[in-house]
Each structure stands twice: as C-alpha cells, then as structure tokens.
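Enquirer: For reference, the chains in residue letters:
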Amino acid sequence: MKKIINDPQDVVAEMIDGMVRAYPQFVKKIPETFAMIRSDQASMKDKVGIVSGGGSGHEPTHAGFVGKGMLSAAVAGQVFTSPTPDQIYAAIKAVNTGKGVFLVVKNYSGDVMNFDMAKDMAEMDDIPVKSIVVDDDIAVENSLYTQGKRGVAGTILMHKVLGAAADQGASLDDLEQLAQQVLPHINTIAVALSAATVPEVGKPGFELAEDEIEYGVGIHSEPGYRREKIKPSKELVAELVAKLDNSLQLAKDKKYAILVNGMGATPLMEQYIFAHDVLNKLAEKSIEPAFVKVGNYMTSLDMAGISLTVFELADNKWLNYLNYPVETMAW
Amino acid sequence: MELTLEKYLVWMKEFAQKISEQKDYLSDLDSKIGDGDHGNNMARGLTAVNEGLKAKQPADLTTALKVTAMALISKVGGTAGPLYGTAFLEMAKLSPKTTNLGQLLKAATAGLKKRGGAQMGDKTMVDVWLPITAAVKDKQLSAEKIKQAVESTKPMEAKKGRASYLGERSIGHLDPGAVSSGYLFEALLQAGVIK
Chain U
1 MKKIINDPQD VVAEMIDGMV RAYPQFVKKI PETFAMIRSD QASMKDKVGI
51 VSGGGSGHEP THAGFVGKGM LSAAVAGQVF TSPTPDQIYA AIKAVNTGKG
101 VFLVVKNYSG DVMNFDMAKD MAEMDDIPVK SIVVDDDIAV ENSLYTQGKR
151 GVAGTILMHK VLGAAADQGA SLDDLEQLAQ QVLPHINTIA VALSAATVPE
201 VGKPGFELAE DEIEYGVGIH SEPGYRREKI KPSKELVAEL VAKLDNSLQL
251 AKDKKYAILV NGMGATPLME QYIFAHDVLN KLAEKSIEPA FVKVGNYMTS
301 LDMAGISLTV FELADNKWLN YLNYPVETMA W
Chain Z
1001 MELTLEKYLV WMKEFAQKIS EQKDYLSDLD SKIGDGDHGN NMARGLTAVN
1051 EGLKAKQPAD LTTALKVTAM ALISKVGGTA GPLYGTAFLE MAKLSPKTTN
1101 LGQLLKAATA GLKKRGGAQM GDKTMVDVWL PITAAVKDKQ LSAEKIKQAV
1151 ESTKPMEAKK GRASYLGERS IGHLDPGAVS SGYLFEALLQ AGVIK
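Protein chains in written order, with our numbering: chain U, 1 to 331; chain Z, 1001 to 1195.
Note that these hints are calculated values from the structure, not bench results.
Fair warning: there could be bad hints in the mix.
Claimed, not checked - Subject to a maximum C-alpha distance of 30 angstroms in a straight line, what follows is the list of computed BS3-like cross-link-like pairs (lysine-lysine):
1. Z:K1032 with Z:K1007
2. Z:K1066 with U:K29
3. Z:K1007 with U:K93
As the list claims (entries may be wrong) - A partial selection of chain U residues facing chain Z, derived with a Cβ cut-off under 7 angstroms:
4. T81
5. P85
6. D86
7. G110
8. M113
9. N114
10. M117
11. M121
12. Q147
13. E200
14. E222
15. A251
What the hints assert, rightly or not - Which chain Z residues stay away from chain U? Per the calculated CB distances, all over 12 angstroms, these:
16. E1002
17. T1004
18. K1013
19. S1020
20. S1031
21. H1038
22. P1096
23. R1115
24. A1118
25. K1139
26. Q1140
27. R1162
28. L1166
29. G1172
30. A1187
Note that CB positions come from ideal geometry on N, CA and C, so glycine has one too.
Please model the complete structure; the sequences and the hints are all you need to start from.
Expert: Quick look at the structure:
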C-alpha cells in the first residue's frame, strides 16, 4: 500500500482538519466531532437544516457539498464506516433553527441504523426530523431478502435538489414530499477496473486481474453483477445505458440530467471520453440531456472505475433546483 | 444466575481482551463478505468501554451497562455500533427491575432484532444471540454451544447488511458479527457469571 498519509488511524481526523483549514469560508468543524457545518450560518436562518453523512473515503462527498444552497452539515464516519449517532445528533442540533432537520441517508445498513438512532435522540429533545434513504443503485435488485438497493452517486443530485428547495424556504413536510417524488427517478450504475484499498486494511477489497472489469460494483468495492475482460469505453457505455434504459425506460420526449462520476482513481480524461460516449448513445435515442455533470463527486478512495447516473426530470422545477447557485467546495 | 456489577466488570474485561487478540482475524473475516473493518471497530469500542468503566467507576450495574452502551454507540460505528449499543442499552433499561441474566439477554436480543430487522437464519449476530440466550435461560450454556451457534452462520446465505449483496457468494464464510458475539459469550463463561 502506497498512500500519502501519516498514521492510518488518523486519516479521517487529519483530512477534516485539512478541509476546514483550506476552506474556512465554507465549512467549520463542530468541536470534538467529525461533523462539519456551514461557516455562513446566517444563510441557514429560518430554513430547514439538511444533514447528510456517511463513511469517509467518498470525498468530496459529503463535506464538499456543505454551503449556502446545499447541505447545512455533513457528518463523516471512519473510512467506509457510518458515522455514529451521537455525532449525527450533534450536527442535527447545530443546524436546527426551529424549522426542523431533514436527513439524507444512503441505503447501507450501518448508515440507516445510525441515522435512525440519531433521529430517535432528536425526537426525544423535540427537534422535528424527517429523512430519505437514497437507493439509486440499480445493479442490486431490490428484494425482500436483501438489504435492498444501495445508495450511491445519485445521492449528490438528491443533496442538490433538496438544498435548493430548502434555501427557497421549503418546509420539512415539503422536503419529505419532494425527496420521495424525486427518489425513483434517480438511477445509477457503475463499473470498476480495480478495488479500493482502505488505509487500515492495507490491501484492496477484491482482486481484479489486469485485464478484468466488474459491472455493478458499489461505492465500497462491493461486488457487482458480472466480471469480464476490459472493453472499449463505447461498449462499457452500451452495457450501462442498456441497464438504465431497462430501469427508467429512456424516451426522447422526457427530460434528463446526467452525472458521470469518477470513483477516485479514474483520470478526468477517461471520464470525458466516457461522457462523450454516453451522450452519443443517448443521441441514438434522440435524447439530449438538459443537464450534464462530469467529475469526482462520490468516490471510493482509490478505486478505478466510473458510475453513470440518469435523473429523469419529471418536474420542470427539478432542473431549476439543479441549476440553483450554491457556495460549496465541490459542486 | 444474577449478573452483579463485580462479575459484569470482569466480563467486559475478558471480552475486550479477546477482541484485542482477535482483531485482525475479525477484520479478515469481514473483508471476505463485508468491508474489512469489524475487528478494528470493535477493538476501538471495547477500549472505550473499559476506559469509560474505569473512569466513571459505576456504582451499580445499570450505570455500568449504560456506560458500555454509550461507548459502543459512539466509538464503534458501522452496523456493529448501533447493534451492540442497542443490546446493552436494552439490558440497562431492564436492569433496575431484574438482574437475572437470562431476562437481560432476552431483552437485549429483542432490541437487536428490532434495530437490525434480522431474523434467525439471516447470517447475522442474531443467529448467535437467540440460541445462546435460550441456553443461558435453560442453564445449558457451554463453549460447545457457542461454537455451534457461531459455526451455524457459515453455510447460510446473508440476508442483511453488506454481505447480502453477495447473495450465494456469502455462503461458506462465517459472519464476523456472529464471531465477535461468540467471543462475548465465551467471555461470559470465563468471567464465571454462569456456574
């Protein structure tokens, strides 16, 4: 393992200190926690607070999206490990201005349980809290017998939409309704070229041969649905778009937002090649997306790979929310 | 079979000792079907538990159980934090009414099932907690029973947690939470709580 770190045990604490020192205009730390809130607290006045969080290693998620117009706070856990309920609760208390707090949770069992406990704690103190569990990853079938679909890169679009709505004065109930309406329209699928190496573990989460790829991986190198030999970008795109088409029924009379997301060790050159192929593939179906974003948004440490999110803009307001101006480190 | 404060403190010390010794093994098990951090997370949690118990010098069992629960909740993270934390919190809630170990473990197991939504056979901690609680109530707890309960998770297909994404590929591996729960109950035997 070669990494630019000091002690593997200190990676999260040192990363957070680096963030708040580099970008004090956007985020500050709640003392004694791994929770970061907006520096510009006046921008949260009389608004519903939006709190997200999860394991570290997905940077710029989550702290990168804290700021005016987007998240009110982000809570970081250990690497690939959910934050603890007391820290989530500290963030909830810090951003509650009397209008309540909305939680954006990714569908991983640890995140769901810890955010649930934090919600219980807040309710005991009479802070109204509502939440959405994002499960945009279509690689894993939703079924009664598993944890269900995972929450991955599409979560960023949920942050953006809810953040804009909250900034424009949406109530806690409005936000819950909006989140539930948006959720089924966000679908994501990924492909990996290599697994991530967690600093405290010291070796990759799984082994892929030099010439192998795996379709459908999650954001912690969890397995996907098929492994095969590496293909040109166009063929990867064809596979992923076909899966999304199957799930969303892509149609030329509908509006879409596209997010091409690098997983940490994929150069932007490759991301733009992939994005170009995605746009070509959609053009074959006479679809021209109304919104496109390319870059590293929901990474998986040093995993090489890419994910494609298609967000069907079933309501015109959703596009306005995506274009709404924000002041954050990473949007 | 009363759980006294004195015995409880020995139990937690033994548990921490086992977790510390088996930290790498637990993380290794976890890397096969999860994300490879169970050993590190539990070791961090148990260190906090014992430091907390030492610093707070709890005067009674209820306080000791609460200190344990809060340390696990705030230091372990992942799924193990809320699950173990909930188990000890449920025991703390019941302990002013009874210190009967069987009753306490029954409440803990009910809390676990509620928090995680897992049933017997889902390849989780519950597959150890349920049969062991029954064995404690029947005064039949033995090292052999614990081993059997832990081993029973090996042929199962995971239905909960991150291992569930592996589907059939989770078969043939022990569940790390079941293994760490096995250590908890082995520590219970060694601490002499059950005679």
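Enquirer: Work down the list of hints and note, for each, if the structure agrees.
Expert: Structure-based check of all given hints:
Of the pairs offered as hints, the one joining K1032 (chain Z) and K1007 (chain Z) is violated, with about 35 angstroms between alpha carbons and a cut-off of 30 angstroms exceeded. As the CA atoms of K1066 (chain Z) and K29 (chain U) are separated by approximately 28 angstroms, the hinted pair is consistent with the 30 angstroms bound. Of the pairs offered as hints, the one joining K1007 (chain Z) and K93 (chain U) is violated, with about 38 angstroms between alpha carbons and a cut-off of 30 angstroms exceeded. For T81 (chain U), the interface hint holds, since its Cβ comes within 7 angstroms of a Cβ in chain Z; the closest pair sits about 4 angstroms apart.
Here the hint on P85 (chain U) is kept, as its CB sits about 6 angstroms from the closest CB of chain Z, short of 7 angstroms. Checking D86 (chain U) against chain Z by beta carbon gives a least distance of about 5 angstroms; that is within 7 angstroms, so the hint holds. The beta carbon of G110 (chain U) is positioned within 7 angstroms of a beta carbon in chain Z (closest approach about 4 angstroms), and the interface hint is therefore held. Restraint check, M113 (chain U) versus chain Z: the minimum CB separation of about 4 angstroms is within 7 angstroms; hint holds.
Taking 7 angstroms as the C-beta cut-off, the interface hint given for N114 (chain U) holds, the closest approach to chain Z being about 6 angstroms. With 7 angstroms as the threshold, the beta carbon of M117 (chain U) comes within range of chain Z, its nearest partner Cβ sitting at about 5 angstroms, so the hint holds. Restraint check, M121 (chain U) versus chain Z: the minimum CB separation of about 10 angstroms is more than 7 angstroms; hint violated. The beta carbon of Q147 (chain U) is positioned within 7 angstroms of a beta carbon in chain Z (closest approach about 5 angstroms), and the interface hint is therefore held.
Satisfaction of the interface hint for E200 (chain U) is found here, the shortest Cβ-Cβ separation to chain Z being roughly 5 angstroms, below the 7 angstroms cut-off. Nearest Cβ of chain Z to the Cβ of E222 (chain U): about 5 angstroms, under the 7 angstroms cut. The hint holds. Interface restraint check for A251 (chain U): the shortest CB-CB distance to chain Z comes to about 30 angstroms, outside 7 angstroms, so the restraint is violated. A cut-off of 12 angstroms between C-beta atoms confirms that E1002 (chain Z) is not in contact with chain U; the least separation is 30 angstroms.
Residue placement check: T1004 (chain Z) keeps its beta carbon more than 12 angstroms from all beta carbons of chain U (closest about 29 angstroms). The claim that K1013 (chain Z) is not at the interface with chain U holds, since no C-beta of that chain comes within 12 angstroms of its own (minimum 23 angstroms). In this structure S1020 (chain Z) is separated from chain U by more than 12 angstroms, as the shortest Cβ-Cβ distance comes to about 15 angstroms. For S1031 (chain Z), the shortest C-beta to C-beta distance to chain U comes to about 6 angstroms, within the 12 angstroms cut-off, and the non-interface label is violated.
Listed as a non-interface residue, H1038 (chain Z) fails to keep its Cβ farther than 12 angstroms from every Cβ of chain U; the least gap is roughly 10 angstroms. At the 12 angstroms boundary, the C-beta of P1096 (chain Z) stays outside the reach of chain U, the nearest C-beta of that chain being 19 angstroms off. Once the 12 angstroms rule is applied to beta carbons, R1115 (chain Z) is inconsistent with being away from chain U; the minimum gap is 6 angstroms. In this structure A1118 (chain Z) is not separated from chain U by more than 12 angstroms, as the shortest Cβ-Cβ distance comes to only about 9 angstroms.
The claim that K1139 (chain Z) is not at the interface with chain U holds, since no C-beta of that chain comes within 12 angstroms of its own (minimum 33 angstroms). Non-interface call for Q1140 (chain Z) relative to chain U: holds, since the shortest CB-CB distance, roughly 31 angstroms, exceeds 12 angstroms. R1162 (chain Z), annotated as away from the interface, has a beta carbon of chain U within 12 angstroms; the closest lies near 6 angstroms. Some Cβ of chain U comes within 12 angstroms of the Cβ of L1166 (chain Z); the nearest lies about 6 angstroms off, and the non-interface call is violated.
Even its closest Cβ contact with chain U, about 15 angstroms, leaves G1172 (chain Z) beyond 12 angstroms, as expected for a residue assigned away from the interface. The beta carbon of A1187 (chain Z) is kept farther than 12 angstroms from every beta carbon of chain U, the shortest such distance being approximately 23 angstroms.
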